[in-house]
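Protein chains: 2
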Amino acid sequence: MTADTQIPRATAQRLPIYYYYLSSLHEAGIKRINSTEISEAIKFDAATVRRDFSYFGALGKRGFGYDVSALLDFFSKVLSQDKLNKVAVVGTGNLGQALMKYNFVHSSNIQIVMGFDVDPKKKELKIDNEKDETIPVYSIGDLKSELNKENVTIAILTVPGKSAQEVTDQLVDAGIKGILNFSPIRITVPNSVRVQNVDLTTGMQTLIYFVDNFENIKSAK
Amino acid sequence: MTADTQIPRATAQRLPIYYYYLSSLHEAGIKRINSTEISEAIKFDAATVRRDFSYFGALGKRGFGYDVSALLDFFSKVLSQDKLNKVAVVGTGNLGQALMKYNFVHSSNIQIVMGFDVDPKKKELKIDNEKDETIPVYSIGDLKSELNKENVTIAILTVPGKSAQEVTDQLVDAGIKGILNFSPIRITVPNSVRVQNVDLTTGMQTLIYFVDNFENIKSAK
Numbered sequence: 002m003t004a005d006t007q008i009p010r011a012t013a014q015r016l017p018i019y020y021y022y023l024s025s026l027h028e029a030g031i032k033r034i035n036s037t038e039i040s041e042a043i044k045f046d047a048a049t050v051r052r053d054f055s056y057f058g059a060l061g062k063r064g065f066g067y068d069v070s071a072l073l074d075f076f077s078k079v080l081s082q083d084k085l086n087k088v089a090v091v092g093t094g095n096l097g098q099a100l101m102k103y104n105f106v107h108s109s110n111i112q113i114v115m116g117f118d119v120d121p122k123k124k125e126l127k128i129d130n131e132k133d134e135t136i137p138v139y140s141i142g143d144l145k146s147e148l149n150k151e152n153v154t155i156a157i158l159t160v161p162g163k164s165a166q167e168v169t170d171q172l173v174d175a176g177i178k179g180i181l182n183f184s185p186i187r188i189t190v191p192n193s194v195r196v197q198n199v200d201l202t203t204g205m206q207t208l209i210y211f212v213d214n215f216e217n218i219k220s221a222k
Numbered sequence: 002m003t004a005d006t007q008i009p010r011a012t013a014q015r016l017p018i019y020y021y022y023l024s025s026l027h028e029a030g031i032k033r034i035n036s037t038e039i040s041e042a043i044k045f046d047a048a049t050v051r052r053d054f055s056y057f058g059a060l061g062k063r064g065f066g067y068d069v070s071a072l073l074d075f076f077s078k079v080l081s082q083d084k085l086n087k088v089a090v091v092g093t094g095n096l097g098q099a100l101m102k103y104n105f106v107h108s109s110n111i112q113i114v115m116g117f118d119v120d121p122k123k124k125e126l127k128i129d130n131e132k133d134e135t136i137p138v139y140s141i142g143d144l145k146s147e148l149n150k151e152n153v154t155i156a157i158l159t160v161p162g163k164s165a166q167e168v169t170d171q172l173v174d175a176g177i178k179g180i181l182n183f184s185p186i187r188i189t190v191p192n193s194v195r196v197q198n199v200d201l202t203t204g205m206q207t208l209i210y211f212v213d214n215f216e217n218i219k220s221a222k
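Protein sequences, first through last, are from chains A and B.
Numbered continuously in the numbering used here, the first sequence closes out at residue 222.
Numbered continuously in the numbering used here, the second sequence closes out at residue 222.
Mixed in with the good hints there might be a few duds.
For identical chains, the list gives no copy identity; a pair is met inside one copy or between any two copies.
[Unchecked claim] Cut-off 27 Å, straight-line C-alpha distance, at most; resulting in silico cross-link-like pairs (DSSO-like, lysine-lysine): (1) Lys163 to Lys32; (2) Lys132 to Lys87; (3) Lys150 to Lys102; (4) Lys44 to Lys178; (5) Lys178 to Lys163; (6) Lys78 to Lys163; (7) Lys102 to Lys132; (8) Lys44 to Lys163; (9) Lys84 to Lys122; (10) Lys123 to Lys87; (11) Lys132 to Lys163; (12) Lys78 to Lys44; (13) Lys132 to Lys150; (14) Lys122 to Lys87; (15) Lys62 to Lys87; (16) Lys178 to Lys145; (17) Lys124 to Lys87; (18) Lys102 to Lys124; (19) Lys132 to Lys78; (20) Lys132 to Lys62; (21) Lys132 to Lys32; (22) Lys84 to Lys145; (23) Lys124 to Lys78.
These are computed hints drawn from the structure, not numbers from a lab.
Since the structure is predicted, the reported quantities are computational estimates derived from the model, not experimental observations.
Please take these sequences and the hints and turn them into a complete structure.
Given below as structure tokens:
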């Protein structure tokens with residue numbers, strides 16, 4: 002992939018899914034895979050898979066397919082799996098605490114290094130009782146100084162909807178470049194900041210709506 | 002909306018977002034809203050908003066816009082907000098427990114009524130210390146009987162990737178109609194079962210990729 006290749010957003014969103022799938026193939030000792038097999042496993046059509054891979058210059062050979070470990074190496078570089086990304090959780094209620102404990106354990110390149118709360122009841126959160134591992138929890142008033150001290154550029158937003166925009170403004174001011182937004186509102190950020198929304202209630206409402214209105218919804222292509 | 006109206010999947014996915022936004026307008030005492038204002042708040046373009054609303058027969062009047070409380074009533078019916086949806090959490094590790102405590106508190110129509118685990122360490126999970134509220138946790142062996150006893154048709158899947166498909170098959174066999182899938186794999190289900198994927202690691206990887214490759218990604222239209 003050259004520096005000026007334009008990757009469509011939809012392709013970028015599929016990248017981590019390819020990566021996860023290839024990792025499990027590799028772990029299972031599978032050496033070769035073709036686009037049809039990939040397509041069946043991850044539920045995107047084979048033409049989409051081939052087109053996505055071609056954006057990255059990864060071209061399968063007819064009758065051979067793709068070399069799993071070469072693809073994996075390649076996607077790992079594209080996804081910067083070798084770079085450690087430090088992440089802060091902002092809002093350490095039930096959901097924030099769970100994410101700190103979850104801590105993307107299966108991902109080698111993502112690490113939650115601190116939490117923030119308006120009213121931190123404890124100065125740290127125990128994430129592993131056996132290993133006595135903890136993550137520090139700071140007051141939101143110390144956001145900028147603590148984030149900058151550790152060079153954190155990614156935040157997980159788990160504050161209530163009513164304070165989400167205010168806290169977002171503080172995160173942007175502190176130099177955060179990406180926000181995984183679990184709050185139920187759509188936050189406004191400058192163009193230089195990326196947001197991914199994970200709205201659990203919306204996801205659940207959508208699911209229920211799909212279940213209740215099965216016949217009335219055109220399936221995704 | 003008549004019974005044979007075909008709603009595009011993308012429109013259906015925006016419905017809960019409209020609903021949440023309209024609820025907050027209503028709470029704030031706002032009585033009228035036009036598509037441009039809706040568009041600015043929830044970051045879909047105004048033409049999309051108008052087209053979506055038209056699928057449901059909700060047509061704004063030029064120079065007046067939409068009546069908030071009428072729209073809200075309408076979407077509430079479409080989303081079956083008046084029907085209680087009982088949900089089970091399958092896999093009561095850190096994430097599963099957090100979702101049980103989170104329990105969609107801001108949504109009146111979703112209630113987690115039970116949890117399942119291969120090895121339930123406790124027979125119930127305390128979700129509110131002050132009110133002494135608990136949710137029962139059963140063994141996965143009792144999936145079918147317990148789900149059927151309470152008429153649960155929606156499940157949240159928070160088991161590890163390696164057991165996700167096996168547990169999914171058991172859920173399908175038990176009559177589950179919708180699965181909110183937090184496991185990192187893409188599960189396979191019959192056509193009659195709906196799946197919404199919420200992959201936290203993929204979401205985070207995508208965000209990091211967007212942050213790192215800001216200039217190379219075509220923005221979503």
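Now the hints, each set against the structure:
For a Cα distance limit of 27 Å, the shortest separation of Lys163 from Lys32 across copies, 20 Å, qualifies, whereas the shortest one inside one copy, 50 Å, does not. Taking the closest pair of Cα atoms, Lys132 and Lys87 come within 27 Å of each other only inside a single copy of the chain (21 Å); across copies the shortest separation is 37 Å, beyond that limit. With identical chains, the CA atoms of Lys150 and Lys102 are at most 27 Å apart within one copy only, with a shortest distance of 22 Å there and 33 Å across copies. In this homomeric assembly, Lys44 and Lys178 come within 27 Å of each other (Cα to Cα) only across copies, at 19 Å, whereas the closest approach inside a single copy is 31 Å.
For a Cα distance limit of 27 Å, the shortest separation of Lys178 from Lys163 inside one copy, 22 Å, qualifies, whereas the shortest one across copies, 33 Å, does not. Taking the shortest alpha-carbon separations for Lys78 and Lys163, only the inter-copy value of 25 Å comes in at or below 27 Å, while the best intra-copy value is 39 Å. In this assembly of identical chains, Lys102 and Lys132 lie within 27 Å of each other by CA distance both inside one copy and across copies; the values are 13 Å within and 25 Å between. In this assembly of identical chains, Lys44 and Lys163 lie within 27 Å of each other by CA distance solely across copies; the values are 18 Å between and 37 Å within a copy.
Proximity of Lys84 to Lys122 under the C-alpha cut-off of 27 Å is found in neither arrangement, the shortest distances being 32 Å within a copy and 37 Å between copies. Only within a single protomer do Lys123 and Lys87 lie at most 27 Å apart by alpha-carbon distance; the minimum there is 21 Å, versus 34 Å between protomers. In this homomeric assembly, Lys132 and Lys163 come within 27 Å of each other (Cα to Cα) only across copies, at 24 Å, whereas the closest approach inside a single copy is 37 Å. For a Cα distance limit of 27 Å, the shortest separation of Lys78 from Lys44 inside one copy, 24 Å, qualifies, whereas the shortest one across copies, 32 Å, does not.
Taking the shortest Cα distances, Lys132 and Lys150 sit within 27 Å of each other inside one copy (25 Å), while across copies they are farther apart (40 Å). Taking the closest pair of Cα atoms, Lys122 and Lys87 come within 27 Å of each other only inside a single copy of the chain (23 Å); across copies the shortest separation is 32 Å, beyond that limit. In this assembly of identical chains, the alpha carbons of Lys62 and Lys87 never lie at most 27 Å apart, being 38 Å within a copy and 49 Å across copies at closest. Taking identical chains as interchangeable, the C-alpha atoms of Lys178 and Lys145 lie at most 27 Å apart only when both belong to the same chain, with a minimum of 13 Å there against 45 Å between chains.
For the homomeric pair Lys124 and Lys87, the shortest alpha-carbon distance inside one copy (19 Å) is at most 27 Å, but the shortest distance between copies (36 Å) is not. Proximity of Lys102 to Lys124 under the C-alpha cut-off of 27 Å is found in both arrangements, the shortest distances being 15 Å within a copy and 22 Å between copies. Taking the closest pair of Cα atoms, Lys132 and Lys78 never come within 27 Å of each other, the shortest separation being 31 Å inside a single copy and 50 Å across copies. Taking the shortest alpha-carbon separations for Lys132 and Lys62, neither the intra-copy value of 47 Å nor the inter-copy value of 63 Å comes in at or below 27 Å.
In this homomeric assembly, Lys132 and Lys32 never come within 27 Å of each other (Cα to Cα): the closest approach is 36 Å inside a single copy and 55 Å across copies. Taking CA atoms no more than 27 Å apart as the test, Lys84 paired with Lys145 passes inside one copy only; the shortest distance there is 23 Å, against 44 Å between copies. Neither within a single protomer nor between protomers do Lys124 and Lys78 lie at most 27 Å apart by alpha-carbon distance, with minima of 36 Å and 45 Å respectively.
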